[in-house]
Amino acid sequence: MIAANLPALQVVLPLIAAPLCLLLRREWAAWTLATAVSWMCLAIAVLLLDQALHVGPIRYFMGGWAPPWGIEYRIDALNGFVLLLLCAIAAVTLPYARRSVLEEIGRERAYLFYTVLLLCFTGLLGITATGDAFNLFVFLEISSLSSYILISMGRDRRALTASYQYLIMGTIGGTFVLIGVGYLYAATGTLNMLDLADRLAAISDSRTVRTGYAFILVGLSLKLALFPLHLWLPNAYTYAPSAVTVFLAATSTKVAVYAMLRFAFTVFDVSHAFGDIGLSRILLLLAAAGIVFASITAIVQSDVKRSFAYSSVAQVGYMILGIGLLNLPGLTGGIAHLFNHALAKGAIFMALGCIALRLRSVQLQDMAGIGWQMPWTMGALVIGGLSLIGVPLTAGFISKWYLLLGALEQEQWLLALLILGGSLLAVIYVWRVIEAAYLQPAPARQAPVQEAPLGMLVPTWLLALANLYFGVHTEVTVGVASQAARLLLGAAS
Amino acid sequence: MTPAMTILFAVFGPLVAVPLIALADRSPNLREAVTLVTATTLFLLVLSLLPLVSAGDRPAVALWELMPGLALAFEVEPLGMLFSLVAAGLWLPTAVYAIGYMRGHHEEHQTRFFACFPIALAAAMGIAFAANMFTLFIFYELLTLATYPLVAHHQDEAAKRGARVYFATLIGTSIGLQLLAIVWTWQATGTLDFREGGILAGHIGSGAAAVLLALYMFGIGKAALMPFHRWLPSAMVAPTPVSALLHAVAVVKAGVFTVLKVVVYVFGLDFLQETSASDWLLFVASFTLISASLIALTRNNLKARLAYSTISQLAYIVLGAALATGLGVVGGGLHIVMHAFGKITLFFCAGAILVAAHKTDVDQLNGLGRRMPITMLAFLLAAISVIGLPPGGGAWSKFLLAAGTVQADYPWLMAVYMLSSLLNIAYLLPIPGRAFFLPPPADAPRGLQEAPLACLIPLVFTALGSIALFFAAEPIAELLMPITTAGVTP
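Sequence lines, in order, name chains A and B. Just so we're aligned, residue 185 is where the first sequence starts under my numbering, counting upward by one. Just so we're aligned, residue 71 is where the second sequence starts under my numbering, counting upward by one.
These are calculated hints, taken from the structure and not from any lab test. Hints should not be assumed to be uniformly reliable.
[Said to hold, decoys possible] Derived DMTMM-like pairs: lysine to aspartate or glutamate, alpha-carbon spacing no greater than 25 Å straight-line:
| hint | chain 1 | residue 1 | chain 2 | residue 2 |
| --- | --- | --- | --- | --- |
| 1 | B | Lys230 | B | Asp431 |
| 2 | B | Lys429 | B | Glu520 |
| 3 | B | Lys230 | A | Asp550 |
| 4 | B | Lys230 | A | Glu619 |
| 5 | B | Lys230 | B | Glu177 |
| 6 | B | Lys230 | B | Glu178 |
| 7 | B | Lys230 | A | Asp389 |
| 8 | B | Lys429 | B | Glu178 |
| 9 | B | Lys429 | B | Glu145 |
All chains should be modelled from the sequences, with the hints used to inform the complete structure.
See below:
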C-alpha cells in the first residue's frame, strides 16, 4: 500500500506537514516535524530512485485517474536523481537551519519559516515528480511564491527589495511558462507530457507549438537564472537568511534546469528542438557568456555571499553548456554538475552562514584571519571551494571532466578552453577568500570569535565530505547521470 | 608484505603521520620523532621495491575506477622507482636539517610545517608510482595544494605574494593546459595508461601531436619551462628546508619526471621521432636553459640564484626528453638524481649560512670560508656536481645528455649544453671562491661559527652523496635502460 503510493507521498508528505507546522506554533515542534519529514522524504527518494533504476520508470496516476484526465507522476532515472538531491539537501539543511533561524529570524516567527520552507520544498518536489505540464506550472508557482517569502525574511532590509525583484522576474517567468503550456494545450488538447510528446511530433512545425516552446524556454531560463536573465539571483542569495540561501542555491535553480531538460528532451522532439530552431547554439552562447561574465563579476565583489551568488550564475552556465553540447558525455556532465554543484555550493553557503552567525558579516575584509579562529568552518569552505574549482578528488572535477570530454567530442575547442578558463576564474574568487581568511592578520576585536556551534558544523561538514566522497566514488552520480542522459538522448533517436 | 601492499603503504602511509604530528603539537621532540620514523619507514618501503624492479618486475596495484575506464592505479617502473627513491631518500636528511633550521631560526607554526611534509611526500609517491596519467594528475594537484601552506609559511605580505604566484602558475597551467591535454588524449585513444612505446601512435596526426605535446609540456608547470618559470623564484619565500626538499627535489623533479613519463609512455620515443612533434621543444628548452643561466648570473640573492639555476637544470632534462632518444631519456633520468643531490646540498648550505651568519646575498659571503669551512666545502662539492665536472655525479648525466644530442643528430645542441655548463661555473664557483679567497669584512667575528649539528650533518651527507654518485652512476643507468628500446649502454 505505502510502497505503491511512494511517488504521491514524496510530494504530499511535506505538503501536509506545512500547515501542521503552522498549527504547532512552537519553534522546537515545528522544527522537529520539518526535520522528520525531510528525512522521511529522503528515504522515499532513495526507494524511488532505486526502483526507477532497476525496474524502470514508475508511472503513478493521482487518485487512480488515468491520463489524459488525471495527473500522472512519472519517475525515471533523471527526476529520481533530482528528487534524491532535493531531499538530501533538505535533510541536511533543516538540522543546520535551527540555530541560524533562531538568530536571524527569531523564535516567534520560526514556525512560519518552517511552514514556508516545507511549502517551497513541496513545490520543488512537485515540479520534479510530475508528468503533467500544467501541474508543473502549479508547483512552480508554489515554490516561487514561498521562496519570495523566504527571501524576504532576511535580516537585512534590502532583503525586501531583493524579494520584490525576484517576485517580478519570477512572476514573468511563471507566466511565460503558463502561456507556453496553454499554447501547447491549444495545439494538442493534452497536458500529459508523454501524450504531448506523441502529438507534438506530427505538428512540431506549427507556429503555435514553436511559440509555446519559446515561451516555456524563456520562462524556465528566468527561473534557472540563465545569463542574461539572472538579475534577480545575486540580490536574492545575498540578502536571504543563511539557511534559505543554502536551500535555494542548492535546489531551486537545479530544479528549473531539470524542467528545461524535461521539456527540451522529453516533451519536444530533440532533433526538432535542437535542429530546426538552433537551440543548441543559443544555449551554448548564453552559457559561455554567463560563465565568463558571472565569474568575472564574482571576482570583484566585496561581499563574499554575493561573490558566490554570481558564481552560481556561472555554474548554471556549465549545466546549460552540458545540455547545449547535445552528446552523451556533455549531457552526463551537465546532469552530474547539477548534483555536484549543489553539494559544493551547499557546503560553501553553509560555511558562510556559520561565519555570518559569529561575525554578523560576510564582507571579505571582515573575514581576515577567520581561518585561524573558525578552523572547522573555513575547512569546509575550502573543500567546497576546491570542488567548485574542480580540483581532482572532489565532486566538481568529475562533472567538469565530462563536460570537457563532451566539448572535445564535438571538436568545440573554444568551449573546452572556456570550461577550463571558468575553472581558473573560480580559482581566483575562491582563493581571494582563502587568502583573506588565512594570510591576513585578524583585526583586534573586543571578544574573540568562536567556532560555530556543533549543530551547524555537522551538516556543513556532511556536505563538505560529500564533495570528497562523490569525487572518489562516482557510481551514483556519473552512473545515474549517464543513464539519465542516455534516456533523454535515446528518446531522440 | 606483498609488493602491492608496499606500494599502498608508501603512497598512503605518510598521511598517517599527519594527525600524529598535529597531536604532538605540545612536545616538539615527540613530533619530530614521528617525522623521522615516518621518513625512515618510507625510505625502507620504497627501497624494498628496488630489487623487484631492477629484476624486471613491474609491481602493480589497482584501487578502483573513479570514472568508467579511469582507475586509480599504481605500477612501479624504473623511472618511478628512481624518482621515489630520490624523494623518499632525501626526505630523511631534510627532516633532520629542518629540525635544526626551524629551531635555530626560531620559526613559528612549526607543527603545521612538519604536518604538511608527509602530505607532500605522499603526493610525490603517488606521482612516482602512478600507472596512468589520470592518477598522476590527481597526485600532481595534491602536491600543489599540500605545498601551498609551506610556501605561504611566514604569512606576511611577501609570503602572500610569492605563494600567490606559486599557486596561480601551477594550478593555472595544470588545469588550463595539462587537463585539456589529458582529456584530449583520453578522447583520442580511450586510455590513459602508461604503456611502453606510448599510446598515441596511430590515433593522432603529427601536427596535432605537436600541439598536444605543447599542452603537456607547458601544462606541467612544475617543470618550469619558460614562460611558466616564475613560480620557482617566487616560492623561495618559503623557509629553506622547503626550498631544499620541495623546490630542488620533490616538486620540480615531479615536474620533469612527468615530462619524461609523458614523452616515454604516452607519446613513445618512436612516435616522437617519426612525427618530429618534439622539434619545437628543443628550441624552447634550449632557450630556457641558457637564459635561466644568464639570469642566475645577475642574481645577488643566494636563494634566487639557486632558483634560476634550478630552472636551467630542469631544462636540461626537458631537452633530454625532447631529443626523443634513448640516451637523452636515460641522461634526463640520471640528471634527476644527480641534480637532486647537488641542489639540495646547495640549498642546505644557503640555509646554514642564514642560520649561522644571517647572510642572504652572494656579496656578503667574502671570507665566510674561514668561519664556516665545512659548509662552504660542501657547497663546493655540490657545485662541482651540478656543473657537471668530475668527480661529481652530474658529470655522468650531462655526458649522457650530450651523447643524446649526437644520437638524435642535433650536434649543435651539444654546444647549448656546453655553453650552459660554462655559465654554471660562472655563477656557482664564485660563491665558494669569495668565501675562501677573499678577505672577510673588518667587523666580521673570528673563529668557527658553523650552523647547528642538525643542519651540518645532512648537508655533509648529501654533499658526499653527490660525489659518491659519480661512482654509482652505472647501476642507475642500467636500471633505466629497459624503458627505452633505443638505448645504448654507456
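Original post:
Under the criterion that the straight-line Cα-Cα distance not exceed 25 Å, is the pair B/Lys230, A/Asp550 satisfied?
Top reply: holds (18 Å)
Original post:
Given the hinted pair B/Lys230 and B/Glu177, is their alpha-carbon gap at most 25 Å?
Top reply: holds (17 Å)
**OP:** Mind checking the alpha carbons of B/Lys429 and B/Glu520 for me, to see if they're no more than 25 Å apart?
**Re:** holds (13 Å)
Original post:
Between B/Lys429 and B/Glu145, does the CA-CA distance stay at or below 25 Å?
Top reply: violated (45 Å)
Subject >> B/Lys230 paired with B/Asp431 [C-alpha distance capped at 25 Å] >> reply: Given that 25 Å is the threshold and the Cα spacing comes to 22 Å, the pair holds.
**OP:** Mind checking the alpha carbons of B/Lys230 and B/Glu178 for me, to see if they're no more than 25 Å apart?
**Re:** holds (16 Å)
**OP:** Sort out whether A/Glu619 lies within 25 Å of B/Lys230, counting only the CA atoms.
**Re:** Given pair B/Lys230, A/Glu619 holds - Cα atoms ~8 Å apart, limit 25 Å.
Subject >> Restraint status (C-alpha distance of B/Lys230 to A/Asp389 at most 25 Å) >> reply: Answer violated: B/Lys230 to A/Asp389 is near 60 Å, above 25 Å.
Subject >> Holds or violated: B/Lys429 to B/Glu178, with C-alpha atoms at most 25 Å apart >> reply: Answer holds: B/Lys429 to B/Glu178 is near 20 Å, not above 25 Å.
In this structure, the hints that do not hold are numbers 7 and 9, in rising order.
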